[in-house]
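**Student:** Chain B: place on chain A using the hints.
As given, the protein sequences belong to chains A and B, one line each in that order.
Under our numbering, the residues of the first sequence are numbered 1 to 558, in order.
Under our numbering, the residues of the second sequence are numbered 1001 to 1350, in order.
A few of these clues could be false.
[To be verified] Okay, the calculated bits of chain B under chain A, using three or more residues with CB under 8 Å as the criterion:
# : stretch
1 : 1071-1079
2 : 1091-1097
3 : 1103-1115
[As the list claims (entries may be wrong)] If you want a taste of the chain A side facing chain B, the calculated C-beta under 7 Å gives, among others:
#  : residue
4  : Asp181
5  : Ser183
6  : Leu184
7  : Glu186
8  : Gln189
9  : Phe191
10 : Leu193
11 : Leu196
12 : Ala199
13 : Ala204
14 : Pro205
15 : Pro209
Read the hints as simulated data drawn from the structure, not as lab findings.
Just so it is clear, CB atoms sit at the ideal spot from N, CA and C, and this is done for glycine as well.
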Amino acid sequence: MRTIAALRLPARLPAAIGLALLVAIVVVLVLVPLVMILLRAVFDSEAGAWAPTARHIVAVLTGAIYWQALASTILVAAVAAALATALGTALAWIFVRTTTVGRAVLEQIAQMPIFIPPFVGAVAWALLLAPRVGAINRILAMIGIPLEIDVYTHGGMAWVMGIYLAPYVMMIVAAALRSIDPSLEEAAQVFGLGKLQTALRITAPLIAPAILSGAVLAFTIAVGLFGTPVVLGWSRQILLLTSRIWIGSQATPPDYGTMAALSVWLIVLSLAATAAQRYALAGKSYITVTGKGFRPRPVELGPWAVLTFALSLVYVILAIAAPLVVLVAAALSAYTWSGHYSLANLTAALGSDDVWSTMQTSVILSAAAATLAVALGLAIAWVTSRTRLPGRQALEYLVLLPISVPGIAFGVGVMFAWIDLPVAVYGTALIILFAFIGRFTSYAVRSISASLVQLHPELEESARVFGYGPLRTFARITFPLILPSVLASWILLFSFFMTELSMVILLYSEQSRMFSVLSFEVWNVGDFSRLAALSLLQTSIGLALAVALKSVFGQRAV
Amino acid sequence: MPIEVANLSKVFGQVAVLRAISEVFADGKISVLLGASGCGKTTTLRCIAGLERPSAGAIAIDGRTVYRDQPAVFVPAERRRIAMVFQSYAIWPHMTVFQNVSLPLRAAGAERRAIVQRVGAALDLVGLGELASRSATQLSGGQQQRVALARCIVSGSPVILMDEPLSNLDANLRIAMRTEIRNLQRRLGQMIVFVTHDQEEAMSIADTLYLLRDGEVLQKGAPREFYENPRTRYAAEFLGRANLIDQFARETHEDAPRIRLGDLMLPAPAGLPAGASLCIRPEKWRAGAPDAPGTLAGRIVETRYVGDRLEFIADTAVGRISVVEMSEADRRAGDRVSLTVAPRDVKWVQ
Chain A
1 MRTIAALRLP ARLPAAIGLA LLVAIVVVLV LVPLVMILLR AVFDSEAGAW
51 APTARHIVAV LTGAIYWQAL ASTILVAAVA AALATALGTA LAWIFVRTTT
101 VGRAVLEQIA QMPIFIPPFV GAVAWALLLA PRVGAINRIL AMIGIPLEID
151 VYTHGGMAWV MGIYLAPYVM MIVAAALRSI DPSLEEAAQV FGLGKLQTAL
201 RITAPLIAPA ILSGAVLAFT IAVGLFGTPV VLGWSRQILL LTSRIWIGSQ
251 ATPPDYGTMA ALSVWLIVLS LAATAAQRYA LAGKSYITVT GKGFRPRPVE
301 LGPWAVLTFA LSLVYVILAI AAPLVVLVAA ALSAYTWSGH YSLANLTAAL
351 GSDDVWSTMQ TSVILSAAAA TLAVALGLAI AWVTSRTRLP GRQALEYLVL
401 LPISVPGIAF GVGVMFAWID LPVAVYGTAL IILFAFIGRF TSYAVRSISA
451 SLVQLHPELE ESARVFGYGP LRTFARITFP LILPSVLASW ILLFSFFMTE
501 LSMVILLYSE QSRMFSVLSF EVWNVGDFSR LAALSLLQTS IGLALAVALK
551 SVFGQRAV
Chain B
1001 MPIEVANLSK VFGQVAVLRA ISEVFADGKI SVLLGASGCG KTTTLRCIAG
1051 LERPSAGAIA IDGRTVYRDQ PAVFVPAERR RIAMVFQSYA IWPHMTVFQN
1101 VSLPLRAAGA ERRAIVQRVG AALDLVGLGE LASRSATQLS GGQQQRVALA
1151 RCIVSGSPVI LMDEPLSNLD ANLRIAMRTE IRNLQRRLGQ MIVFVTHDQE
1201 EAMSIADTLY LLRDGEVLQK GAPREFYENP RTRYAAEFLG RANLIDQFAR
1251 ETHEDAPRIR LGDLMLPAPA GLPAGASLCI RPEKWRAGAP DAPGTLAGRI
1301 VETRYVGDRL EFIADTAVGR ISVVEMSEAD RRAGDRVSLT VAPRDVKWVQ
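Same shape as in the complex, but just chain B:
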């Protein structure tokens, strides 16, 4: 039951919010749409839900076309058989928890007995079995979030859309709910399209990550693959932190292209084109005692001790470099260090 969008476009007034996006979101997986505000991620989700009418293109859910520009097809939201978690949770305040969760079944005309049984099961699954008769206005943020999840589970829809579902929770609960959503999804096997602007959340929950920018998918991939191999400066900096280096020298040694960072000589990363920048993640650097030969020499300008790791910024011949270390080393501003990096950890971006 994949979701296929083809040439999906949306124009608000003069502004093109989506520029011909074509993607297939895989069945039974969590697809995460990640991007800064205004990148088009929520619009994409709302177009799939049927809450927004696209300007052009096509959308099919499980092979059934729910939108097409020519000849025109538009299936309204209520007949797309999808489930959704809204950013505000959209828990109906005039209903009890039970009434909230049972609405999808009542809308579909299910029998009373089946409704009671399935709602009970869904509430148990999200740990709210005791609260069925409570008024929705008496729930905490985390409980509302669970009601919203139970509502999706009950609907039985194999497609769940989630629009920044965790952004209104406090930090600890947010991390716990990530795991919970992921476990639920593994157990029940629905596919989830999940929208977020939080890169850490995106990485920890996604099977496949889609980075959007200006209404286009800039890059997609599994989180690790994506993190290790960003293709653009934007992707490298949006997902995790990156040292982007422009001031390196190119050399040739025994017919092999090489790069030079200060005194540090490395084989050039494969396919390095002209005008590209090098991308080295802060945790890939190894810092050693100063004045070691064949290294990039630096002077520390700023350190930050964050408990489980030490972060510092060093002035070097190729500019300021951020480094993250797990070591016990006691470093202070003004100290000199030598930096090295493994050749496989040097990537290039454009």
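In isolation and in its complexed conformation, chain A is listed as follows:
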């Protein structure tokens, strides 16, 4: 007994040190930025001296422009979420439950908009629907329809956000539809409910939690979007909370207090949505993830199949095809809609040193951040699911916190965390690295935890029994088995980072000017031909990564 006890202490020491290290990293990268947002909203910092103040909170609560920004944010995000939910649910039903021609391929394509950066989508729709000069408006005018659609409105923003958020809802609802035991619906039929009654009384309530989750996800993403509302709202000064935060950062000196107070608003909004979802769903999780796949009986649509096919095709055209076509056309135009096309313009736009240096920065920073975030996520996921170290739950809770914090708000927090410190982080590429890791490690933790949970511990235990030590067991058994989800997390994070704008726009410096910043600057000066060329490049990288992700993870991507 004594020898065992004597052996245990040193054996546990490395584990304790490792855990302490993880906690320290997470506290610095995740918790400190979040706390700093709150502190900066109620304290003024003058050369290291902190003084409490209600000034910023009062300014935000009494300023009409801030209430307008809040109202616009809620309005646009709610309409966008409603549109995304309606579209996403309809598409999920069409792809999972009907015999619509080409549904398997259409479902794959309909997931692609997730990989089109929101900024690029907004640029493309500005080219399509700008008043007078938008491609669709010109076509309408040409064929004599006296109708002009204006994308530079609340409705326009909600429309563009909605179609790009629809795939998130679609994937959640489709997964729920696939996991319903078909006999639940068959039983309803046997006991006398017709098709419509079965849909309303059985199927709808069963997938309602998934629809609600999708809607809340769409709302929280919409609240935190920066690129779309700036591109579509700037010309008419329709400014959302995120735009106001950015304006605060452009002031000289930057208006840190207002930025902090507005970030608190953003966080409150997405927490409120999440809390409402929790409340509505209390005790209503019917979909048990058993890993058991069901083959639901498809609905025979008859002539209606044309309609469902048309709807999915229209979605693909609106979300992907039309934006791509208009970007290509604009990129090839000498200047916007001149009617003169040439490749020279495109090659000139893409061949500049600026493009290649920012692209290089983007790739290096994104790859480094994705690698570090996945490594950290892997360590945390392993500790929480495979050890009994005290404090592991707190660790997981901490790292998942930023999931409901909009990117720009988190960026504000990261900025506050380092700005006054004597160490050279603010103003270097490091701060972007820290922001990426702090905000997005949660994604890696979730995805890797999910696959660790599915991996039966006996697979590892039997390796131990047959003579592998803990490290070899991890390297030879655990890691190879969860490699697909590790790779998938890496690709997903890399693609997020490559197009991230809302944090980068606050944190970049000359040394860390990323490609997304370059696009934003080109938009700022209004050079739409060059902007289209850059957007095309970003989109093709995004789509290439999407294809890579599919091939790593098969059907279960994202």
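**Tutor:** What follows is chain B alone, placed relative to chain A:
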């Protein structure tokens, strides 16, 4: 209210799952469809329920045609007035026990008072009277099974279809539920068509047993009749255990055909055709002291003591023979035994 199926066929892609089945499932009785997976038993049930559309044939419930290929008739499931227990129980997780059980009545537009009264009675009958307001997700497997039964009782349908209803229960509960289902059926008088792959379950619950293989009914009959007189090797081996013997000799003694197993001479079973095998159930053998004249001599190669009985396998002149004994005899591998069997217990199969 019998169920009649005529020439019922079902083709999935290139595979014929049902090959022109024609049967009448009797009113007020339990008909059991038994067979290995893929034999077509569940497909038959789902065709009767209206959950699967047959490829050809006809189905009538109580004289009312619910499916026919020519001229086409297809009554959808919700208008066939049937009740069903699913393998997964199909208890709706977003409803309470009461809501689950009352749905058939609500679907039929019954009055509130009648619903409360009938659901209460059905829940009492299955012993769940206390749990009416409980959420369906908080039920154990056995309780879900009872909710599924109560739902059938409440529906008032004289036809209940059961698709492997006991396969998700643990062994003891499964045996208890057999008896319970049978007692309920005796009390309420509905007819049940019951699908299972478990031969013991089939025997203990059935009035009439239908053994399916490759989409056809191979043999049917009351359980005892079926067990005592299997007609094919497949039926003999699927239902219970059987010694199938090919290496016996045929002789004629005083104009009567006889068979010989080692030194054991027996009258040939009636109508024994050429090429048939003998079928002798393990519990029909009598084992005695070795070297008795006029017996089948054997040497025990393996014994298994199962508490209430002793099973052994013996090497004999006609191959390996399995024997089940209730006796206290202490047998060990290597012992020699003499085997005899009563002539009426020797059957033939093809």
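**Student:** Does Ser183 of chain A hold up as a contact with chain B if the rule is Cβ-Cβ below 7 Å?
**Tutor:** holds (4 Å)
**Student:** Against chain B, is Leu184 of chain A within 7 Å by beta-carbon distance?
**Tutor:** holds (5 Å)
**Student:** Any CB of chain B closer than 7 Å to the CB of Asp181 of chain A?
**Tutor:** The hint holds - Asp181 of chain A has a Cβ within 7 Å of chain B, the shortest such distance being about 5 Å.
**Student:** Just to make sure I understand the rule, a stretch counts as covered if three or more of its residues have a C-beta closer than 8 Å to a C-beta of the chain. Does the stretch 1071-1079 of chain B meet that for chain A?
**Tutor:** This one holds; 4 residues, not fewer than the three required, reach chain A with a Cβ under 8 Å.
**Student:** Can you verify the interface hint for Gln189 of chain A: is its Cβ closer than 7 Å to any Cβ in chain B?
**Tutor:** holds (4 Å)
**Student:** How about the stretch 1103-1115 of chain B: do at least three of its residues have a C-beta closer than 8 Å to a C-beta of chain A?
**Tutor:** Coverage by chain A holds for the stretch 1103-1115 of chain B (4 residues, Cβ < 8 Å).
**Student:** Verify the interface restraint on Phe191 of chain A: the C-beta must sit less than 7 Å from at least one C-beta of chain B.
**Tutor:** holds (4 Å)
**Student:** Using a Cβ cutoff of 8 Å, are there at least 3 residues of the stretch 1091-1097 of chain B near chain A, or does the coverage claim fail?
**Tutor:** Result for this restraint: holds, n = 3.
**Student:** Under the criterion of a CB-CB separation shorter than 7 Å, is Glu186 of chain A in contact with chain B as hinted?
**Tutor:** Because about 5 Å separates Glu186 of chain A from the closest Cβ in chain B, which is inside the 7 Å limit, the hint holds.
**Student:** How about Pro209 of chain A: closest beta carbon in chain B under 7 Å, or not?
**Tutor:** With a closest approach of 9 Å, the Pro209 of chain A hint is violated.
**Student:** Does Leu193 of chain A pass the interface hint, meaning its C-beta sits closer than 7 Å to a C-beta of chain B?
**Tutor:** holds (5 Å)
**Student:** Identify whether the interface hint at Ala204 of chain A stands, where standing means a beta carbon of chain B within less than 7 Å of its own.
**Tutor:** Hint violated; Ala204 of chain A Cβ to chain B Cβ min 10 Å, cut 7 Å.
Violation of the numbered hints given earlier is confined to hints 11, 12, 13 and 15; the remaining hints are satisfied by the structure.
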